[in-house]
Amino acid sequence: MAVITAPAPAGHKAPASPAGGRRSRKLRDNLTGHTFLIGAVLCFALFMWYPMIRGLVMSFQRTRRGETTWVGWDNYIRIIDDPSFWIAWKNTFYFTALALVLGFAVPFFVAILLNEFRHAKGYLRILVYLPVMLPPASALFLFKFYAYDPSEAGLFNAILTALNLPTSEWMQSPTMTMPAMVLASTWMNMGSAVLIYLAALQNIPGELYEAAELDGAGIWKRIWNVTIPQTRLILALLAMLQIVATMQLFIEPLILANGAGTQDSATSVAYLIYQHGFFQNDLNGAAALGMIMLVVLAAFSAVYVRLSTKED
Amino acid sequence: MAQDSGTRTLVSQSQLRRGRGRAIYWTLLAVVVVGFTLVFLGPLYWMVTGALKSGQEIAQTPPSLFPKDPQVQNYVDAWNNLKLAKLLFNTFYYAAGAVLFQLVFDTAAAYSLSKLRPVLGNVILGLMLATLMIPAMVLIVPQYVTVIDLPILHINLLDSPFSIWLPLVANAFNIFLLKRFFDSIPEDLMAAAFVDGATPLRTLWSIILPMSRPILGVVAIFSVTAVWKDFLWPKLVMPSPETRTVSVGIYAFAGGTPMNVVIAASVIAAIPTVIIFLIFQRNIMSGLTAGSLKG
Numbered sequence: 001m002a003v004i005t006a007p008a009p010a011g012h013k014a015p016a017s018p019a020g021g022r023r024s025r026k027l028r029d030n031l032t033g034h035t036f037l038i039g040a041v042l043c044f045a046l047f048m049w050y051p052m053i054r055g056l057v058m059s060f061q062r063t064r065r066g067e068t069t070w071v072g073w074d075n076y077i078r079i080i081d082d083p084s085f086w087i088a089w090k091n092t093f094y095f096t097a098l099a100l101v102l103g104f105a106v107p108f109f110v111a112i113l114l115n116e117f118r119h120a121k122g123y124l125r126i127l128v129y130l131p132v133m134l135p136p137a138s139a140l141f142l143f144k145f146y147a148y149d150p151s152e153a154g155l156f157n158a159i160l161t162a163l164n165l166p167t168s169e170w171m172q173s174p175t176m177t178m179p180a181m182v183l184a185s186t187w188m189n190m191g192s193a194v195l196i197y198l199a200a201l202q203n204i205p206g207e208l209y210e211a212a213e214l215d216g217a218g219i220w221k222r223i224w225n226v227t228i229p230q231t232r233l234i235l236a237l238l239a240m241l242q243i244v245a246t247m248q249l250f251i252e253p254l255i256l257a258n259g260a261g262t263q264d265s266a267t268s269v270a271y272l273i274y275q276h277g278f279f280q281n282d283l284n285g286a287a288a289l290g291m292i293m294l295v296v297l298a299a300f301s302a303v304y305v306r307l308s309t310k311e312d
Numbered sequence: 001m002a003q004d005s006g007t008r009t010l011v012s013q014s015q016l017r018r019g020r021g022r023a024i025y026w027t028l029l030a031v032v033v034v035g036f037t038l039v040f041l042g043p044l045y046w047m048v049t050g051a052l053k054s055g056q057e058i059a060q061t062p063p064s065l066f067p068k069d070p071q072v073q074n075y076v077d078a079w080n081n082l083k084l085a086k087l088l089f090n091t092f093y094y095a096a097g098a099v100l101f102q103l104v105f106d107t108a109a110a111y112s113l114s115k116l117r118p119v120l121g122n123v124i125l126g127l128m129l130a131t132l133m134i135p136a137m138v139l140i141v142p143q144y145v146t147v148i149d150l151p152i153l154h155i156n157l158l159d160s161p162f163s164i165w166l167p168l169v170a171n172a173f174n175i176f177l178l179k180r181f182f183d184s185i186p187e188d189l190m191a192a193a194f195v196d197g198a199t200p201l202r203t204l205w206s207i208i209l210p211m212s213r214p215i216l217g218v219v220a221i222f223s224v225t226a227v228w229k230d231f232l233w234p235k236l237v238m239p240s241p242e243t244r245t246v247s248v249g250i251y252a253f254a255g256g257t258p259m260n261v262v263i264a265a266s267v268i269a270a271i272p273t274v275i276i277f278l279i280f281q282r283n284i285m286s287g288l289t290a291g292s293l294k295g
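Top line first, the protein sequences correspond to chains A and B.
Position 19 of the first sequence, counted from 1, bears residue number 19 in full-length UniProt numbering, the numbering being contiguous throughout.
Position 39 of the second sequence, counted from 1, bears residue number 39 in full-length UniProt numbering, the numbering being contiguous throughout.
Treat the hints with caution; some may be incorrect.
Said to hold, decoys possible - Some chain A residues near chain B, calculated using beta-carbon distances under 8 Å:
| no. | residue |
| --- | --- |
| 1 | His34 |
| 2 | Met52 |
| 3 | Pro150 |
| 4 | Tyr209 |
| 5 | Ala239 |
| 6 | Ile243 |
| 7 | Gly277 |
| 8 | Ala286 |
Stated by the list, open to error - With beta-carbon atoms standing in for the labels, derived distance ranges:
| no. | chain 1 | residue 1 | chain 2 | residue 2 | range |
| --- | --- | --- | --- | --- | --- |
| 9 | B | Leu278 | A | Leu233 | 26 to 36 Å |
| 10 | A | Val101 | B | Gly21 | 45 to 55 Å |
| 11 | A | Tyr304 | B | Ser54 | 50 to 60 Å |
| 12 | B | Ile185 | A | Val101 | 23 to 33 Å |
| 13 | A | Arg23 | B | Glu242 | 49 to 59 Å |
| 14 | A | Phe300 | B | Pro239 | 28 to 38 Å |
| 15 | B | Leu278 | A | Thr167 | 31 to 41 Å |
| 16 | A | Asp81 | B | Glu242 | 52 to 62 Å |
| 17 | A | Lys221 | B | Lys86 | 51 to 61 Å |
| 18 | A | Thr167 | B | Leu38 | 38 to 48 Å |
Calculated directly from the structure, the hints in this document are not laboratory data.
From a predicted model like this one, the values you see are computed outputs, not experimental measurements.
For each residue, glycine too, the CB sits at the ideal point set by N, CA and C.
From just these sequences and the hints, can you work out the full model?
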């Protein structure tokens, strides 16, 4: 009975036992375990692990008229030589930075505010999360056709006119393209960050605020000295996740800016991958660009891990 | 006293109940409720009513708050011209299959990794979790190349629902979520079942799964919304008009269709996820925080 109650931890070698029955039982248990795993493992192998290797291999090959040859760094050189490569990175970093200012700080302060309310809590949460549930294509058509209509009939321009402020050309102006995309993206996505922060805020022990208040700390001091340090880990984690997500900016330029946008102001790295792979018939170049993106994001993650372990 | 401090937040309760604090609290609450309604519900109102306006009315300045002469025809046109019934059916079909495949394979895998723990289980788990580090855009090209010509089998999965279902099974986050839940189920229960002669499958079915309903619900809901919201992958692997999802279908028609009809179609496409959200909002919100907080 004792044999059955404690399944050996994985990787633990069965003690060499003279009893053959025990060994065959162990074998059978392992077999059962792997049978349960097989479906998921096959899917991971086919659609995750193999494509990862395939992408790396493809980036050093070139397929012309059905013939595949090794070309060394040629794909990388071709991709980097393309002037839109640098424009795409510049745009992507700009979007990421803007989205970090707006999409990172705003949800945190919204969560702090919501956490203070004793009324209408459920309603406010539903409101904030509602846009997250919309299909992004639906929400972006709303922004494209109604909100960012460059004439005065557009929603935003009508509001600006009513407030006696100058109207904007939105997606038709190269300087407004990025802020407009960040605004739409933040509206669509901030709900999940708000809810995660709210959960984190609820874990802060009330005594800490109590003590800070007794020491004479005002509201801002309490946020700075209690709230932020107490939620530091989750803040850092979400910042990291957001950077990785925003660097893959794709559907916003595709729908709002028809891809490249006015004077290439919307081209993103992910859009360039899509362009190379599926319009310019250059899957190898797209794979190389994907690898460059992987390296850049991995570098960000490494910096993040370094910073977050140093502080602990 | 100790109980009081449990619910204490940034500003103390007693401060909010007294004169000035109370006035500020209620003013702020009113401002936030009105502001949030305008910011988050306003655009949706604009979308639903805008699609009811005529082409002339939508172009007038200043825009009208209510449609003067509601054109239900825009919604009818959207439904008929874009063949929305077919597109919605496709999306439902992909979503239902995704739920089924994910629940069967991911639950089985998580159960094995948590309770059966076969040799190399931890290595496999590690390799699965490692895929969380790879941005989706990096894999899009090699995944596409794989789907059009599966290795060894040499099958082309374009326009086949399996090209949506199977890659979704490779979801490390689901397996992580399920495994962590199964880990919290006491080992004694498993042992008792084994003593009674139950097979691992029987134990999973009659003991583990009934206890795991909340987490299975979360996985199912997230799987439906993921299929509903996804855009680029279905756009690539479902190229023919008959197999498109609703988002891709609207995008494909957006170029040559009047703006109000596109918006009407967008409204219809958003209705299912909004309904799912309103019904299951508690599960969704708890799932969201369960996955990320201690992860």
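Here is what the structure says about each hint:
Among the interface hints, the one on A:His34 holds; its C-beta lies about 5 Å from the nearest C-beta in chain B, closer than the 8 Å criterion. Checking A:Met52 against chain B: minimum C-beta separation of about 6 Å stays under 8 Å; hint holds. Using the Cβ-Cβ criterion of 8 Å, the hint placing A:Pro150 at the interface with chain B is not satisfied: the shortest such distance is roughly 12 Å. A least Cβ separation of about 6 Å between A:Tyr209 and chain B falls short of the 8 Å threshold, and the interface hint therefore holds.
The interface hint given for A:Ala239 is violated, since its Cβ lies 13 Å from the closest Cβ of chain B, which is over the 8 Å cut-off. With 8 Å as the threshold, the beta carbon of A:Ile243 stays out of range of chain B, its nearest partner Cβ sitting at about 11 Å, so the hint is violated. Because the closest C-beta pair between A:Gly277 and chain B is about 5 Å apart, less than 8 Å, the hint holds. Satisfaction of the interface hint for A:Ala286 is found here, the shortest Cβ-Cβ separation to chain B being roughly 5 Å, below the 8 Å cut-off.
Separation of B:Leu278 from A:Leu233 is about 32 Å and conforms to the stated range, judged on CB atoms against 26 to 36 Å. Between A:Val101 and B:Gly21 the beta carbons are some 31 Å apart, a value that contradicts the proposed interval 45 to 55 Å. The hint said 50 to 60 Å for the Cβ distance between A:Tyr304 and B:Ser54, and at roughly 52 Å that hint holds. Checked against the hint of 23 to 33 Å, the C-beta distance between B:Ile185 and A:Val101 comes to roughly 43 Å, which is inconsistent with it.
Checked against the hint of 49 to 59 Å, the pair A:Arg23 and B:Glu242 passes, with Cβ atoms roughly 55 Å apart. In this structure the hint that A:Phe300 and B:Pro239 lie 28 to 38 Å apart at CB holds, the actual value being about 34 Å. Take B:Leu278 and A:Thr167: their Cβ atoms lie about 35 Å apart, and the range 31 to 41 Å holds. Distance hint check for A:Asp81 and B:Glu242: the Cβ-Cβ separation is about 41 Å, which falls outside the suggested range of 52 to 62 Å.
The beta-carbon spacing between A:Lys221 and B:Lys86, approximately 59 Å, falls within the hinted interval of 51 to 61 Å. As the Cβ distance of A:Thr167 to B:Leu38 is approximately 19 Å, the hint placing it in 38 to 48 Å is violated.
When held up to the earlier numbered hints, the structure conflicts with 3, 5, 6, 10, 12, 16, 18 and fits the remainder.
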